[in-house]
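Asks: Chain order of the listed sequences is A and B. Letter by letter, the first sequence follows residues 12 to 343 of my numbering. Letter by letter, the second sequence follows residues 56 to 291 of my numbering.
I should point out that these hints are in silico values taken from the structure, not numbers from a laboratory. Every value quoted in this text rests on a predicted model; they were computed, and no experiment measured them. Glycine included, each C-beta is placed from N, C-alpha and C at the ideal position. Errors might be hidden in some of the hints.
Claimed, not checked - Some but not every residue of chain A turned toward chain B, in silico, with C-beta under 7 Å:
#: 1; residue: V74
#: 2; residue: L125
#: 3; residue: A127
#: 4; residue: E131
#: 5; residue: V201
#: 6; residue: R206
#: 7; residue: A318
#: 8; residue: V326
As the list claims (entries may be wrong) - Below are the DSSO-like pairs computed for lysine-lysine, each with C-alpha atoms no more than 30 Å apart in a straight line:
#: 9; chain 1: A; residue 1: K213; chain 2: B; residue 2: K235
#: 10; chain 1: A; residue 1: K213; chain 2: A; residue 2: K336
#: 11; chain 1: A; residue 1: K213; chain 2: A; residue 2: K298
#: 12; chain 1: A; residue 1: K298; chain 2: A; residue 2: K220
#: 13; chain 1: A; residue 1: K336; chain 2: A; residue 2: K220
#: 14; chain 1: A; residue 1: K298; chain 2: B; residue 2: K264
#: 15; chain 1: A; residue 1: K336; chain 2: A; residue 2: K298
#: 16; chain 1: B; residue 1: K237; chain 2: A; residue 2: K220
#: 17; chain 1: A; residue 1: K220; chain 2: B; residue 2: K184
Okay, here's what each chain looks like letter by letter:
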Amino acid sequence: MILTFVEHDRGTVNELSFEALTFGRRLAERVGAEHRAVLIGDAGRPLADGLAAYGVATAHLAVDDRLDDYAPAAWGRSVAGLLRTLRPAVVVAAASDRGSEVLAHAAAMLDAPLAANVTEIADASADPAAPWTLIRQRWGGSLLEEARLDAPVKLLTLAPHAVRAEPAPEPGPVALETFAPEFDDGDLAVRVTDRVPASSGKVSLAEAKVVVGGGRGVGGPEGFVALEELAGLLGGAVGCSRVVTSNGWRPHSDQIGQTGTRIAPALYIACGISGATQHIVGCRAAKRILVINTDPEAPILSHADHAIIGDVRTVVPAITAEIRKVLAATGG
Amino acid sequence: MVLTEDARAIDTRFLGFTVSPHEECAVEEAVRLVGAHGGESVVLTLGPAEAEEQLRDAMALGVDRGILLRTDGAEWDPQATARAVAAAVRAGEPFDLLLFGNESADAGNFQVAVRVAHALGLPVVTGVKGLEVADGRVTLRREAGNGWEVFDVALPAVVAVREGLNLPRFPSVPGRLRAKQKPVDTVAVAPEVGGLEMLRLMLPPSAGKRAEVLGAGPEAAPRVVEILETMGLVRR
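Chain A extracted, bound-state conformation:
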């Protein structure tokens, strides 16, 4: 049996779960196993029917008032308890914050290994007792690792966007089975006690269609004024490299990279950024990258579509002026 953890926040599903479900369904087909899902908390109940499209025949729902809002250890305990009963060959969760956390708790409770950020299973034996060979991401995906996972119940998280979510053409019915997990007060020591909404009305970096990013070549905090102006004209957001936040020129919330925000805009304009691995991990998902850099040998050029060789401090204002000229000509 393949068991997929379906993540939700008070009833709102995390889209990455559909990737995990797609992965789980294909794995189940490949090894000739049944595909089941687990949901934690009664708010997840309405999601069960939608799982049919992912080849889920049975959805297990952990029900307890104390699971209504997120409590990482209690959620992990619920999954661990279900694993003891069902003994699935594999458990898959999205490598989201919660997916990673819940599976880490379950793995710690069962003292079982856990493979994080898996992209594919290289060798899946139909014998559940045999070790599997899998591929997982290191360095935010800049490096891949072939690893052997040897455990009767194989726990893994699926790297975001390693597979595309794909519903099955002919969904069948889903049987819902509720269970009452056992956990103690210690498992409830950590639970969400409050929520604070994001403060600003700015275009979010993660969701912006255009991002203008600045690095060391911008020269200093005042250099970002020109980038703000360009981003403003294009309805985009301003980001930066890690050097910039380490120097205190911009807040960490603007940082694009492995330890900052991962962006996926239609266009990323990288200004005065050399392209350290840390930064490339954060901007790799951009559809198109335009680089402005004085160094024609900068590593970022091998990840870019277009480049202007020149100083950001003169090139960016020239682009802004040119856009204004076009807009003025059309009264736009």
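Following the hints, position chain B against chain A.
Replies: Chain B alone, transformed into the frame defined by chain A:
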């Protein structure tokens, strides 16, 4: 990145080592907390003898002492790492907060802090970007969707932090000199083999891109606007 001949490691002959970004913030937070509340901060790592250098880096920022769980330099799986860290922490002094980086920059296993917390029977919160200590409790914030989730936990607790929690200071020259005098307790450790074994590393297929050079300097600006127009980002 260049791999070694057996593809089991990155060729580091010409590279330096640093503390990962998340862990840098954990070190900075420890120094700030001790500055504000008093007490002592200890930095611990698991790695080869050379990793003492990273312990000295942390002590240069103000950490009081270090513990090196010395390995032969081979890759350790996260279960083995967590067991060794938990054993060392259990053998040490009582503490209020055990801070981790949320995930290492290289292996990125996302689980050592949680495993250590379970081994010690302590509460744990991961992904933390805001931390306040008061009256024997810690209030923690982490990003969730379009806002923040807040957790309130009794001390002692385990917290895995992310970059952005604070802005780490740069080491000063006197700080570096003082760090040389601070004690490092070295303990040789051997791994208990877990169930996840690294077989080899592979470079992902390269994007193989070659940027089209639009021009040099401000004169290239009209070419950029042409591209913006074809993308529908600027409309005449």
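Asks: Please go over all the hints and tell whether each is borne out by the structure.
Replies: Verification of the supplied hints:
The beta carbon of V74 of chain A comes no nearer than 22 Å to any beta carbon in chain B, farther than 7 Å, and the hint placing it at the interface is violated. At about 6 Å, the closest approach between the beta carbon of L125 of chain A and any beta carbon in chain B falls short of 7 Å, and the interface hint on this residue holds. Using the Cβ-Cβ criterion of 7 Å, the hint placing A127 of chain A at the interface with chain B is satisfied: the shortest such distance is roughly 5 Å. Evaluation of the E131 of chain A hint against chain B yields a violated restraint, the C-beta minimum of about 12 Å exceeding 7 Å.
Below 7 Å, beta-carbon pairs count as interface contacts, and V201 of chain A has one with chain B at about 5 Å; its hint therefore holds. Taken as an interface hint, R206 of chain A checks out: its beta carbon lies about 6 Å from the nearest beta carbon of chain B, inside 7 Å. For A318 of chain A, the shortest C-beta to C-beta distance to chain B is roughly 4 Å, which falls under 7 Å, so the interface hint holds. Nearest Cβ of chain B to the Cβ of V326 of chain A: about 6 Å, under the 7 Å cut. The hint holds.
A C-alpha spacing of about 46 Å is found between K213 of chain A and K235 of chain B, which places the hinted pair above 30 Å, so the restraint is violated. Distance hint between K213 of chain A and K336 of chain A is fulfilled; the C-alpha atoms sit about 26 Å from each other, no more than 30 Å. The suggested pairing of K213 of chain A with K298 of chain A holds, with an alpha-carbon distance near 22 Å, which does not exceed 30 Å. A C-alpha spacing of about 10 Å is found between K298 of chain A and K220 of chain A, which places the hinted pair at or below 30 Å, so the restraint holds.
Proposed proximity of K336 of chain A and K220 of chain A is supported: the alpha carbons are some 22 Å apart, at most 30 Å. Straight-line distance between C-alpha atoms of K298 of chain A and K264 of chain B comes to about 13 Å, which keeps the hinted pair within the 30 Å bound. Only pairs whose Cα atoms come within 30 Å are accepted, and K336 of chain A paired with K298 of chain A is accepted, the gap being roughly 26 Å. Simply put, K237 of chain B and K220 of chain A have alpha-carbon atoms about 50 Å apart, too far for the 30 Å limit, and the pair is violated.
Between K220 of chain A and K184 of chain B the alpha-carbon distance is near 26 Å, which keeps this suggested pair within the 30 Å criterion.
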